[in-house]
Each structure stands twice: as C-alpha cells, then as structure tokens.
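Asker: Which chain is which? The protein sequence lines are A and B, in order. Each residue of the first sequence is one higher than the one before, counting from 527 in my numbering. Each residue of the second sequence is one higher than the one before, counting from 743 in my numbering.
Since the hints were made in silico from the structure, they are not lab data. There may be inaccurate statements among the hints.
Residues of chain A placed beyond 12 Å of chain B at every Cβ, according to the derived structure [claimed, not checked]:
#, residue
1, Tyr575
2, Arg581
3, Val582
4, Glu594
5, Gln762
6, Lys808
7, Arg840
8, Ser846
9, Leu883
10, Thr904
Ranges between beta-carbon positions, derived for each pair [what the hints assert, rightly or not]:
#, chain 1, residue 1, chain 2, residue 2, range
11, B, Asn749, A, His934, 26 to 32 Å
12, B, Glu793, A, Asn809, 54 to 60 Å
13, A, Gly719, B, Asn749, 43 to 49 Å
14, A, Gly579, B, Thr790, 48 to 54 Å
15, B, Gly768, A, Glu675, 32 to 38 Å
16, B, Glu780, A, Lys780, 16 to 22 Å
17, B, Asn797, A, Gly831, 24 to 30 Å
18, B, Thr790, A, Pro954, 35 to 41 Å
19, B, Asn749, A, Glu730, 32 to 38 Å
20, B, Thr790, A, Asn731, 45 to 51 Å
21, A, Gly959, B, Thr790, 41 to 47 Å
22, A, Lys882, B, Asn749, 48 to 54 Å
23, B, Asn803, A, Leu576, 18 to 24 Å
24, A, Glu573, B, Phe787, 53 to 59 Å
Yeah, the Cβ is synthetic: ideal placement off N, Cα and C, and Gly gets one too.
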Amino acid sequence: MFKKVLIANRGEIAARIMRTCKSLGVAAVGVYSEADIEAPHVKMADEAYLLGGSRVAESYLNIDKILEIARFSKAEAIHPGYGLLSENTEFARRCEEAGLVFIGPSPEVISRMGSKIESRKVMEKAGIPIVPGIAYPLADAEEAVRVAERMGYPVMLKASAGGGGIGMQMVGNADEIYKAFAGNQKRATDFFGDGAMYVEKYIENPRHIEIQILADGFGDTVYLWERECSIQRRHQKVVEEAPSSFLDDVTRSKMGEAAVKAAQSIKYRNAGTIEFLVDENKNFYFLEMNTRLQVEHPVTEEITGLDLVAEQLRIAAGDSLGFAQDDVKREGHAIEVRIYAEDPKTFFPSPGTITKLSLPEGPGVRHELAVHGQSVVTPFYDPMIAKLVVRGKNRDEAIDCLQEALAHYQVEGIKTNISMLQKIAAHPAFRAGDTTTSFVAKYLQGN
Amino acid sequence: MNKLTANMAGTVWKILVKAGDQVEEGQDVVILESMKMEIPIGAEFDGTVKEIKVNEGDFVNEGDVLVEFE
C-alpha cells in the first residue's frame, strides 16, 4: 500500500477519500484554492498546499502545480476524485510520466471512453447493446435532420464530449433541430473544447441504471450490482438508489455481465461505471462509461459492505481483487440524495454564507459534507454541498429513514433543494418505484 | 438611471449587447456563470444600452451593475 497519496480534488469527495486514507494508515495530501482555505477537506488533510486562485483553471485544473506539490510532498499516487481532472487524459499521462500512480484506468482508456462517439463504437464491437444512433460526427444541422428523419422523431441531439447535460437536447422535429444545433455545438465547444455532435434515438420513459465494476490489473473484473439514478433535474442526478426497484434478477445479472464484458473488452483497470438506459420493457442500452469514482458510489458501499475508495487504492497499489463475483454481497437498500445550493423551483444556484447547519443523526444515516456550519458557498464550483445517504433492510424502510432524516436536515443562509427532496421522498410515485427520468417534470413541476 | 444588476455572484460569461443597442423587456443581455451553470440576465424594461460596466470574464457580486441604460 502507498504511504502517501495526494487528493487532487475538493469538497465532499476529497474529504471522503481522505477518510479512507486515514483508515488504511495512508497519509493524505490535500490541495486547495483561495476560496477553499476554510474547507473541510483542507482541515482533514495531513498536509495541505495552496494551488492558486479560486477559479478552477487557476487551481484544481492546474496540472503543473498539482504535480509540483506531489513531488514536493513525496506523494506516491494521485486520487483524482470525480469531475475536475478525473477524466482528463493528459493529467493521467503526466502523472505516469512523473512516476506517480494515477488512481484510475490508463490514459488510453480514459481517452477512448471520454468520446461518446468512440465509446459507442467500442461497445458495439464488444457486443454490448447501444442506443440506436450514429457512430460518426455530424457535419451540420441539415445532416442531423436527415439522420433524425431516417431514425424517426423524437431523437436526442448530443455532444460527443458532453457531460452533465451540457450540449444535449431532445428534439421532436426538423425545426427544433435547426434551432438547437448551433447553440448546443457552441456550448460543447466552450465547455469541452470539442463541438462534435451526433444523434441518438430517444428512448421513451427511460430509467438511468448504471453498473459499478471493479477490475484489478490481472484481468479479474467483478460487478457490484446496479444503482438507479433516474430522478434528475437539468440532466443531473438528484436521487440515487441501490438496488433498483425496477430490475428483476435475470435483467440484473445480464446487465452486470454486459458491464464486465464491456470493461474487459478495453482492459479496464480500477473502479468504473457503465451507464445504461433501460426502457419500459427492460431492454438496456449502453450510454457511456465513467472512468472514475461516481458521486453516488456510497449507495453501492452501503449494500455491499465494501469501501470503494479502499478498493481503488489497493488495485492502484498493485493488489489483486481478492474476491470473486459470488463473494459480492447485496444486502438491504440504500438511497442517496444530493443537497444542492439552489432554488428548489427554478434550480438556479444560490451561493452565499451558511449561517446554520444541523444534520440528522441516527442508525442508517450517513453524511458526506463539502461544508460546515459557517461555510461560504462560493460561485466557483458545483452547487452540491452535501450528500445524505440512508439505508434500511428494504426499500420501504430506507424511504422512511430518508423522510425522517430530511425532516431534520437544516441549512440556513442559502437556498437549498431540501424541500424538493422532501417532496420526492414523500411522493406516492417514488414509493411505488415509478422513478423514470421524467419524474421531476411529471410529478413535481407546476405545483 | 436604469441599471441591470447581477442577481447572484458569478463570472460574466457572455455579453450579448453593445452600447447603442435597443433591447426589449425580457431580452437576455448578459449571461453569468455561477456554480457551473449559465444564468441569463434579461432586461427588465425596453431601453437603449448606454454603457456596459463589465467585461467577459469579470467576477461580479450580487447587486453589481452590469449594464446601464439611457
């Protein structure tokens, strides 16, 4: 195992990774921006270094500075967390060149899976079902219309490099494509430096169900069941749970086996997630692969009893998995909700200063926090300030626990989405498992 | 003087008008970026742009003046 690891991230995930480092006796090096001087992950680090200004380009995306700190602090490995540099091919390559272990897959795999068009090709070749669509970049809106008319409306217009819902739009006719094409292409170019667009068939009333996998460097790959993350706003996840109430055991194993096959086909190493869309008839289609730890990984930890960060560190340090598929437990039910600093109705962000933070405690309640009682929530980063994770013996018990915990979750000084989460948790449709991606639009908007 | 102010802290991502432009109520004038989200700031009335008080890339606080109108 490593003696010292640098965590090239911020917020709750940096603090969460450090917690595991401590439990394994690994020293944790933190990095921070000017805006994050008082952040929990800085206090928690064994040693912490200033990266630079508050904007991510001046701090958390500054590869040179991060590598310099790694050298200076004598860290042996770098954990990139999620977001920021976690799926940045150049960063992974530069870590390797500097003799540091990048805790994740190889730069080549990150690069291939980072392009949605390329990853669709790879998965199709490996025999994994993909959403019907094209496997080449569109020249212009006219071509998008031609493809869409062949496929049948509605279709999803998507940016190959996209993520977080940016550069993606459902379109129902040619007019909508003409209106949407240039704007989404520009947004993809601005955000991701790549304006390649493609078209996919729109799956009606889909669920977003993903499979967590772990792969060691010796060819052993296992799946750690699924997470259902269908409830979203602005194409970003809000509620995640494991297991999915929608899957039967046959579909569950088929999806798990497909995920393992997908990972093995690209010689994947470390933790990864294969995202699928699942239609009303339980057909599943490959959507994308995330080559990193996911925000929602705690629900998998709660039902399997595994510490995914510990597994990541062990694999990166050269250990073999040490367990087989049949050893992976699945017990109880876990739900995670993301607490966002935002208006619960318009979803516009709400930066500001937290004046009070009071958290529910009790059996089955877990917190992951990016803030503390007097934190300033700055406009520089993602609006997620915390995650609440609950578990129960079954889904009903987990929902009861969630409702109870949310009733006592208090954040003052900024707007949060807690009232929206309370509505979801209390909604009969949520209890009944009608959790498609249109949940928020169908059940929460307009009241 | 009629002014358009930032409704939250963030970075000026795009300025969509220039001095002398006629704008209509509701028309997007500036797009802020805050917490990784684009926040369009629309004109609250019809008018003519007198002066743009910020540049793209500037950091603004809630209440800062973005655009002045005649």
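Asker: Indicate, hint by hint, whether the structure satisfies it.
Answerer: Hints, one by one, checked against the model:
no. : hint                            : result
1   : Tyr575                          : 24 Å, holds
2   : Arg581                          : 8 Å, violated
3   : Val582                          : 9 Å, violated
4   : Glu594                          : 26 Å, holds
5   : Gln762                          : 10 Å, violated
6   : Lys808                          : 34 Å, holds
7   : Arg840                          : 32 Å, holds
8   : Ser846                          : 38 Å, holds
9   : Leu883                          : 18 Å, holds
10  : Thr904                          : 7 Å, violated
11  : Asn749/B / His934/A: 26 to 32 Å : 31 Å, holds
12  : Glu793/B / Asn809/A: 54 to 60 Å : 57 Å, holds
13  : Gly719/A / Asn749/B: 43 to 49 Å : 29 Å, violated
14  : Gly579/A / Thr790/B: 48 to 54 Å : 36 Å, violated
15  : Gly768/B / Glu675/A: 32 to 38 Å : 34 Å, holds
16  : Glu780/B / Lys780/A: 16 to 22 Å : 39 Å, violated
17  : Asn797/B / Gly831/A: 24 to 30 Å : 53 Å, violated
18  : Thr790/B / Pro954/A: 35 to 41 Å : 53 Å, violated
19  : Asn749/B / Glu730/A: 32 to 38 Å : 36 Å, holds
20  : Thr790/B / Asn731/A: 45 to 51 Å : 48 Å, holds
21  : Gly959/A / Thr790/B: 41 to 47 Å : 55 Å, violated
22  : Lys882/A / Asn749/B: 48 to 54 Å : 24 Å, violated
23  : Asn803/B / Leu576/A: 18 to 24 Å : 23 Å, holds
24  : Glu573/A / Phe787/B: 53 to 59 Å : 54 Å, holds
In terms of the numbered hints stated before, the structure departs from hints 2, 3, 5, 10, 13, 14, 16, 17, 18, 21, 22, listed from lowest to highest.
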